[in-house]
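Line by line, the protein sequences give chains A and B. Going by our numbering, the first sequence opens with residue 11, and the numbers climb by one from there. Going by our numbering, the second sequence opens with residue 11, and the numbers climb by one from there.
It is possible that part of the hints are untrue.
No distinction is drawn between identical chains; accordingly, a pair holds when it is met within one copy or between any pair of copies.
Unchecked claim - Each computed DSBU-like pair below joins lysine-lysine, with the alpha-carbon atoms no more than 35 Å apart:
#1 Lys566 x Lys183
#2 Lys314 x Lys112
#3 Lys112 x Lys138
#4 Lys489 x Lys446
#5 Lys364 x Lys461
#6 Lys358 x Lys183
#7 Lys394 x Lys545
#8 Lys394 x Lys203
#9 Lys307 x Lys131
#10 Lys112 x Lys331
#11 Lys461 x Lys566
#12 Lys545 x Lys331
#13 Lys331 x Lys392
#14 Lys461 x Lys509
Quick caveat, the hints were computed from the structure, so don't treat them as lab data.
2 protein chains.
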Amino acid sequence: MITRLSRLFLRTLRDDPADADVPSHKLLVRAGYVRRVAPGVYSWLPLGLRVLRRVEDVVRQEMDVMGAQEISLPALLPRDPYETTNRWTEYGDALFRLQDRKGADYLLGPTHEELFALTVKGEYNSYKDLPVILYQIQTKYRDEERPRAGILRGREFIMKDSYSFDLDEDGLKASYDAHREAYQRIFDRLRVKYVIVAATSGAMGGSASEEFLADSPVGEDTYVRCVESGYAANVEAVITPAPAPLPLEGQPEAVVHDTPDTPTIATLVDWANSAGIAEQFGRPVTAADTLKNVMVKLRHPDGKSEIVGIGVPGDREVDDKRLGAAVEPAEVELLTEADFAANPFLVKGYIGPKALQANGVRYLVDPRVGTGTSWITGADAKGKHVVGLVAGRDFTPDGTIEAAEVRDGDPSPDGRGPLVASRGIEIGHIFQLGQKYTNAFDVDVLGENGKPVRLTMGSYGIGVSRMVAVIAEQQHDDKGLRWPAEIAPYDVHVVIANKDDAARAGAEEVVAGLHAHGLDVLFDDRTASPGVKFKDAELLGMPLILVVGRGWADGKVELRDRFTGESEELPADSAVATVVSRVRG
Amino acid sequence: MITRLSRLFLRTLRDDPADADVPSHKLLVRAGYVRRVAPGVYSWLPLGLRVLRRVEDVVRQEMDVMGAQEISLPALLPRDPYETTNRWTEYGDALFRLQDRKGADYLLGPTHEELFALTVKGEYNSYKDLPVILYQIQTKYRDEERPRAGILRGREFIMKDSYSFDLDEDGLKASYDAHREAYQRIFDRLRVKYVIVAATSGAMGGSASEEFLADSPVGEDTYVRCVESGYAANVEAVITPAPAPLPLEGQPEAVVHDTPDTPTIATLVDWANSAGIAEQFGRPVTAADTLKNVMVKLRHPDGKSEIVGIGVPGDREVDDKRLGAAVEPAEVELLTEADFAANPFLVKGYIGPKALQANGVRYLVDPRVGTGTSWITGADAKGKHVVGLVAGRDFTPDGTIEAAEVRDGDPSPDGRGPLVASRGIEIGHIFQLGQKYTNAFDVDVLGENGKPVRLTMGSYGIGVSRMVAVIAEQQHDDKGLRWPAEIAPYDVHVVIANKDDAARAGAEEVVAGLHAHGLDVLFDDRTASPGVKFKDAELLGMPLILVVGRGWADGKVELRDRFTGESEELPADSAVATVVSRVRG
Numbered sequence: 011m012i013t014r015l016s017r018l019f020l021r022t023l024r025d026d027p028a029d030a031d032v033p034s035h036k037l038l039v040r041a042g043y044v045r046r047v048a049p050g051v052y053s054w055l056p057l058g059l060r061v062l063r064r065v066e067d068v069v070r071q072e073m074d075v076m077g078a079q080e081i082s083l084p085a086l087l088p089r090d091p092y093e094t095t096n097r098w099t100e101y102g103d104a105l106f107r108l109q110d111r112k113g114a115d116y117l118l119g120p121t122h123e124e125l126f127a128l129t130v131k132g133e134y135n136s137y138k139d140l141p142v143i144l145y146q147i148q149t150k151y152r153d154e155e156r157p158r159a160g161i162l163r164g165r166e167f168i169m170k171d172s173y174s175f176d177l178d179e180d181g182l183k184a185s186y187d188a189h190r191e192a193y194q195r196i197f198d199r200l201r202v203k204y205v206i207v208a209a210t211s212g213a214m215g216g217s218a219s220e221e222f223l224a225d226s227p228v229g230e231d232t233y234v235r236c237v238e239s240g241y242a243a244n245v246e247a248v249i250t251p252a253p254a255p256l257p258l259e260g261q262p263e264a265v266v267h268d269t270p271d272t273p274t275i276a277t278l279v280d281w282a283n284s285a286g287i288a289e290q291f292g293r294p295v296t297a298a299d300t301l302k303n304v305m306v307k308l309r310h311p312d313g314k315s316e317i318v319g320i321g322v323p324g325d326r327e328v329d330d331k332r333l334g335a336a337v338e339p340a341e342v343e344l345l346t347e348a349d350f351a352a353n354p355f356l357v358k359g360y361i362g363p364k365a366l367q368a369n370g371v372r373y374l375v376d377p378r379v380g381t382g383t384s385w386i387t388g389a390d391a392k393g394k395h396v397v398g399l400v401a402g403r404d405f406t407p408d409g410t411i412e413a414a415e416v417r418d419g420d421p422s423p424d425g426r427g428p429l430v431a432s433r434g435i436e437i438g439h440i441f442q443l444g445q446k447y448t449n450a451f452d453v454d455v456l457g458e459n460g461k462p463v464r465l466t467m468g469s470y471g472i473g474v475s476r477m478v479a480v481i482a483e484q485q486h487d488d489k490g491l492r493w494p495a496e497i498a499p500y501d502v503h504v505v506i507a508n509k510d511d512a513a514r515a516g517a518e519e520v521v522a523g524l525h526a527h528g529l530d531v532l533f534d535d536r537t538a539s540p541g542v543k544f545k546d547a548e549l550l551g552m553p554l555i556l557v558v559g560r561g562w563a564d565g566k567v568e569l570r571d572r573f574t575g576e577s578e579e580l581p582a583d584s585a586v587a588t589v590v591s592r593v594r595g
Numbered sequence: 011m012i013t014r015l016s017r018l019f020l021r022t023l024r025d026d027p028a029d030a031d032v033p034s035h036k037l038l039v040r041a042g043y044v045r046r047v048a049p050g051v052y053s054w055l056p057l058g059l060r061v062l063r064r065v066e067d068v069v070r071q072e073m074d075v076m077g078a079q080e081i082s083l084p085a086l087l088p089r090d091p092y093e094t095t096n097r098w099t100e101y102g103d104a105l106f107r108l109q110d111r112k113g114a115d116y117l118l119g120p121t122h123e124e125l126f127a128l129t130v131k132g133e134y135n136s137y138k139d140l141p142v143i144l145y146q147i148q149t150k151y152r153d154e155e156r157p158r159a160g161i162l163r164g165r166e167f168i169m170k171d172s173y174s175f176d177l178d179e180d181g182l183k184a185s186y187d188a189h190r191e192a193y194q195r196i197f198d199r200l201r202v203k204y205v206i207v208a209a210t211s212g213a214m215g216g217s218a219s220e221e222f223l224a225d226s227p228v229g230e231d232t233y234v235r236c237v238e239s240g241y242a243a244n245v246e247a248v249i250t251p252a253p254a255p256l257p258l259e260g261q262p263e264a265v266v267h268d269t270p271d272t273p274t275i276a277t278l279v280d281w282a283n284s285a286g287i288a289e290q291f292g293r294p295v296t297a298a299d300t301l302k303n304v305m306v307k308l309r310h311p312d313g314k315s316e317i318v319g320i321g322v323p324g325d326r327e328v329d330d331k332r333l334g335a336a337v338e339p340a341e342v343e344l345l346t347e348a349d350f351a352a353n354p355f356l357v358k359g360y361i362g363p364k365a366l367q368a369n370g371v372r373y374l375v376d377p378r379v380g381t382g383t384s385w386i387t388g389a390d391a392k393g394k395h396v397v398g399l400v401a402g403r404d405f406t407p408d409g410t411i412e413a414a415e416v417r418d419g420d421p422s423p424d425g426r427g428p429l430v431a432s433r434g435i436e437i438g439h440i441f442q443l444g445q446k447y448t449n450a451f452d453v454d455v456l457g458e459n460g461k462p463v464r465l466t467m468g469s470y471g472i473g474v475s476r477m478v479a480v481i482a483e484q485q486h487d488d489k490g491l492r493w494p495a496e497i498a499p500y501d502v503h504v505v506i507a508n509k510d511d512a513a514r515a516g517a518e519e520v521v522a523g524l525h526a527h528g529l530d531v532l533f534d535d536r537t538a539s540p541g542v543k544f545k546d547a548e549l550l551g552m553p554l555i556l557v558v559g560r561g562w563a564d565g566k567v568e569l570r571d572r573f574t575g576e577s578e579e580l581p582a583d584s585a586v587a588t589v590v591s592r593v594r595g
């Protein structure tokens with residue numbers, strides 16, 4: 011295919027768009043790849059659409075190789091199935107809901123577990139039909155609170171979502187592993203630098219789950235990794251190593267102290283260091299010696315709310331994301347003044363485990379609050395704290411919770427070194443869902459023994475339109491975009507850099523030659539100045555730029571590599587062959 | 011590609027689905043091509059999706075050949091642009107509307123004139139950039155009152171919509187003609203039997219417009235054609251030849267008669283034939299001698315309503331579709347009892363032109379009510395009619411209107427023969443929109459003379475998903491689907507029709523050979539009986555069926571042509587070559 015820039019529907023912009031602060035967003039707009047229509051809603055112009063389609067093709071090829079079958083479900087979906095799984099409600103404001111002319115409720119699909127489960131139920135009824143993996147590459151909708159960075163986090167976007175259906179856990183594991191490998195092949199082909207991290211399953215339910223995060227300083231996802239062991243996990247999924255239990259015997263008795271005006275951890279530590287506790291400990295008291303009790307209200311899916319106490323070492327904050335993931339599907343709300351008024355045993359600034367447990371409030375603690383650990387914490391009365399309150403002796407938590415912040419230097423769960431924090435962009439997610447959805451819709455087949463078998467399900471996604479932004483983000487330089495050959499809109503960008511007729515005719519000849527070899531050529535045949543054309547070529551980002559200019563008279567052309575920045579002079583008569591071998595090589 | 015039926019996500023059904031009454035709907039469901047998710051909302055299973063993609067490819071290729079450029083706009087669109095053109099309101103219940111989490115109004119795009127006009131305005135600003143034709147192949151949404159016949163009339167469907175932008179009318183005409191030719195090539199390649207008919211422009215505004223209608227007895231669109239001249243038009247677009255004016259001189263005076271109990275045309279004709287009017291005419295009086303005045307209320311886009319009288323020969327009904335098209339963008343409503351009470355000069359059953367004109371009611375007549383024609387019509391008093399009321403002498407209409415029904419045998423507007431009615435399915439529509447949308451958004455470029463030029467626009471659509479149903483409708487037989495080679499999901503369907511290992515191994519060998527030649531093969535490797543397999547092969551509809559059965563031992567295979575039904579024995583060792591040449595030939 012030959013596309014002439016003189017006819018291409020394209021206008022490049024010299025200035026960054028005002029609403030963009032991320033490089034990929036700035037460049038994709040400046041290079042005329044995408045245009046904003048509404049917040050998080052974008053049009054794909056010709057060059058952008060070509061990249062998008064090539065990314066889709068890579069994803070499709072690898073899904074086909076793994077034996078997945080492509081189908082296409084609607085985006086406009088009836089409420090009923092999502093009501094059955096409660097996601098009609100659970101999705102909250104992120105779901106686009108609408109009604110048809112008869113008042114029936116519909117939604118725009120954010121993900122399709124329900125419909126795929128129903129689709130398989132509709133077609134298959136024997137164990138002989140299984141396993142099956144189905145996928146689609148389809149437009150999806152999520153009413154993001156903060157659509158961001160152009161197509162990086164849109165409200166209308168394209169996803170590859172696939173769903174596996176197996177007879178048992180081993181089958182699910184195999185389908186999951188096949189996806190994991192296919193995703194690695196896909197991201198490798200797309201030249202994306204990424205890491206696979208253990209993940210919580212989010213609103214999807216289920217057990218094992220991993221995320222593929224592209225390395226990026228503009229990523230919204232924070233994850234941690236252990237350089238020594240290679241362990242990597244989403245912050246929400248980090249498991250805190252629990253300390254070995256300490257002996258209860260021989261520990262000093264808990265003593266309540268008057269601690270006037272110590273409603274914060276800082277003031278409490280100051281008091282302890284000035285009131286002789288440091289001497290008693292034989293070392294300075296730090297925030298890590300205190301036990302902070304944070305009260306939250308959980309809104310459960312059935313609508314009921316529950317006040318819960320969360321105990322974390324005083325040197326750590328509760329991390330909202332980790333807390334949210336830990337309590338799913340419940341949602342976290344803050345306590346109101348009315349809640350405190352209704353529960354007078356909650357003495358702000360001085361809350362301790364004892365009053366919570368005495369009043370039947372569920373009390374969950376950080377795993378560091380293990381049996382035998384001793385704490386300075388609230389004594390449930392204004393101006394009073396207790397020193398030497400021992401877990402397992404003076405109070406017994408109702409369980410542990412992974413809600414405390416994770417910090418650089420925290421030990422890796424595998425015990426092989428410290429964790430360091432990194433940022434990434436979620437590009438893929440694989441889940442072993444189990445039977446959540448097949449239970450919801452009774453998706454059974456007749457087993458080999460004649461008895462019904464409930465299927466077990468996996469769900470797997472790749473952000474296809476996001477991938478275009480991610481590649482732009484990872485590959486660009488200060489001059490513009492740079493597309494890996496596999497997904498570049500065109501194989502080569504040919505520039506006429508001289509006005510004389512011979513150079514123009516030569517360029518036409520070279521372009522025709524490249525096309526005859528099956529290459530896709532973007533041909534800058536405009537009358538603009540060479541400077542403008544070179545700037546545009548760098549901005550648009552084809553991997554190879556072939557310049558036909560004043561050297562043509564001497565039988566020379568110039569080939570530039572957009573990635574290395576290197577330029578070489580080629581004999582005009584072998585230019586086509588050289589470019590073809592570079593592209594094919 | 012080789013797809014084994016033993017692994018294909020497919021279940022064929024022996025029985026027609028209960029909700030289907032159209033052959034394509036029954037067969038596409040029975041053959042497992044599509045599945046219903048909600049009224050007018052369907053999933054595409056593997057075989058259906060392959061046909062759909064191949065139809066898309068044909069459309070895309072021909073659009074590219076004509077120089078159109080593919081882009082992709084969102085389906086989720088903000089209200090503002092549609093408010094500007096008033097289509098937010100005009101679309102009525104057919105528009106899916108929704109709000110985002112912030113309460114902003116959105117719609118699901120039914121067609122994209124507004125957004126394409128804005129897209130071109132955003133990129134282009136010089137006459138040098140024009141003309142440009144942009145297109146997309148995209149999912150569209152219309153909340154049809156009566157979704158019907160599976161994917162034939164869906165609420166979520168795929169369209170190719172394109173938009174041309176030109177500097178002047180000649181340019182628009184050229185873009186329109188280019189589309190007309192591309193559409194002919196597309197439908198010819200898809201083997202669709204169709205007719206091009208003159209059409210009204212519907213809610214789109216603008217002037218010249220034609221529809222491509224596929225021949226089909228299940229079509230919802232009625233059109234008429236003149237066998238002699240080839241003239242064809244949508245019923246809404248048929249122009250009634252106006253008779254030459256008749257001399258007013260020498261016609262008898264109009265006489266008012268007592269005509270008790272004649273509120274209908276039938277009773278009026280009976281009266282006329284028994285009261286001596288027939289003698290006066292020298293022939294029996296027929297309904298065609300009477301002038302029926304139908305009152306309607308027009309609701310104009312500005313919200314104002316207007317009562318209008320429509321005069322048609324008494325032997326014809328007013329056709330709601332023609333009336334609706336004739337008064338657009340106004341909408342037709344019925345008069346209420348309150349309207350009659352408020353306008354006592356409207357004497358039901360006896361309404362005549364005189365009272366309408368005396369009371370300032372706009373009076374539009376069928377073109378047959380030409381100057382000098384004489385009528386029996388109401389005399390605006392209960393039980394009274396007037397005989398001999400002459401148009402142009404006793405009353406002067408405010409204009410003509412194409413609202414009377416069109417009937418088989420009516421003269422063609424080109425005067426070359428009678429019209430006959432036919433039914434068809436709209437598969438394409440081309441419009442010369444003019445400046446309706448470019449005016450709405452001030453889409454100007456700088457002209458050659460330095461002055462702004464307002465662009466002129468065309469809009470063109472093909473129902474891509476509908477096309478799958480149309481082809482199924484036109485090509486099926488009583489055994490199942492039959493796909494033309496260009497869009498068949500697979501080139502050939504290979505059936506193992508014998509259980510012995512040699513035949514199975516032979517079939518594997520043949521399939522591998524076909525695949526090596528680049529053919530797409532659907533391979534029925536199941537252990538089912540030959541009868542079941544043959545029935546499925548006929549139902550699924552690949553154009554060629556290759557049977558490897560008991561003849562394999564004698565070096566023979568059987569090739570069946572799904573279209574002709576013919577079967578031939580081939581030597582096994584040349585089977586691959588024969589099939590390849592059939593497919594390629």
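Hint check results:
1. Neither within a single protomer nor between protomers do Lys566 and Lys183 lie at most 35 Å apart by alpha-carbon distance, with minima of 58 Å and 45 Å respectively.
2. In this homomeric assembly, Lys314 and Lys112 come within 35 Å of each other (Cα to Cα) both inside a single copy, at 32 Å, and across copies, at 26 Å.
3. Taking identical chains as interchangeable, the C-alpha atoms of Lys112 and Lys138 are never at most 35 Å apart, the minima being 41 Å within one chain and 49 Å between chains.
4. Taking identical chains as interchangeable, the C-alpha atoms of Lys489 and Lys446 are never at most 35 Å apart, the minima being 49 Å within one chain and 41 Å between chains.
5. Taking the shortest alpha-carbon separations for Lys364 and Lys461, neither the intra-copy value of 52 Å nor the inter-copy value of 83 Å comes in at or below 35 Å.
6. Proximity of Lys358 to Lys183 under the C-alpha cut-off of 35 Å is found in neither arrangement, the shortest distances being 48 Å within a copy and 78 Å between copies.
7. Taking CA atoms no more than 35 Å apart as the test, Lys394 paired with Lys545 passes in neither setting, with 70 Å inside one copy and 85 Å between copies.
8. Proximity of Lys394 to Lys203 under the C-alpha cut-off of 35 Å is found in neither arrangement, the shortest distances being 53 Å within a copy and 90 Å between copies.
9. In this homomeric assembly, Lys307 and Lys131 never come within 35 Å of each other (Cα to Cα): the closest approach is 39 Å inside a single copy and 52 Å across copies.
10. Taking the shortest alpha-carbon separations for Lys112 and Lys331, only the inter-copy value of 23 Å comes in at or below 35 Å, while the best intra-copy value is 40 Å.
11. Taking the shortest alpha-carbon separations for Lys461 and Lys566, neither the intra-copy value of 76 Å nor the inter-copy value of 43 Å comes in at or below 35 Å.
12. Taking the closest pair of Cα atoms, Lys545 and Lys331 never come within 35 Å of each other, the shortest separation being 43 Å inside a single copy and 57 Å across copies.
13. Within a single copy, Lys331 and Lys392 get their C-alpha atoms as close as 31 Å, which meets the 35 Å cut-off; across copies the closest is 81 Å, which misses it.
14. For the homomeric pair Lys461 and Lys509, the shortest alpha-carbon distance between copies (29 Å) is at most 35 Å, but the shortest distance inside one copy (79 Å) is not.
Going down the numbered hints, you'll see the structure goes against 1, 3, 4, 5, 6, 7, 8, 9, 11 and 12, while the others check out.
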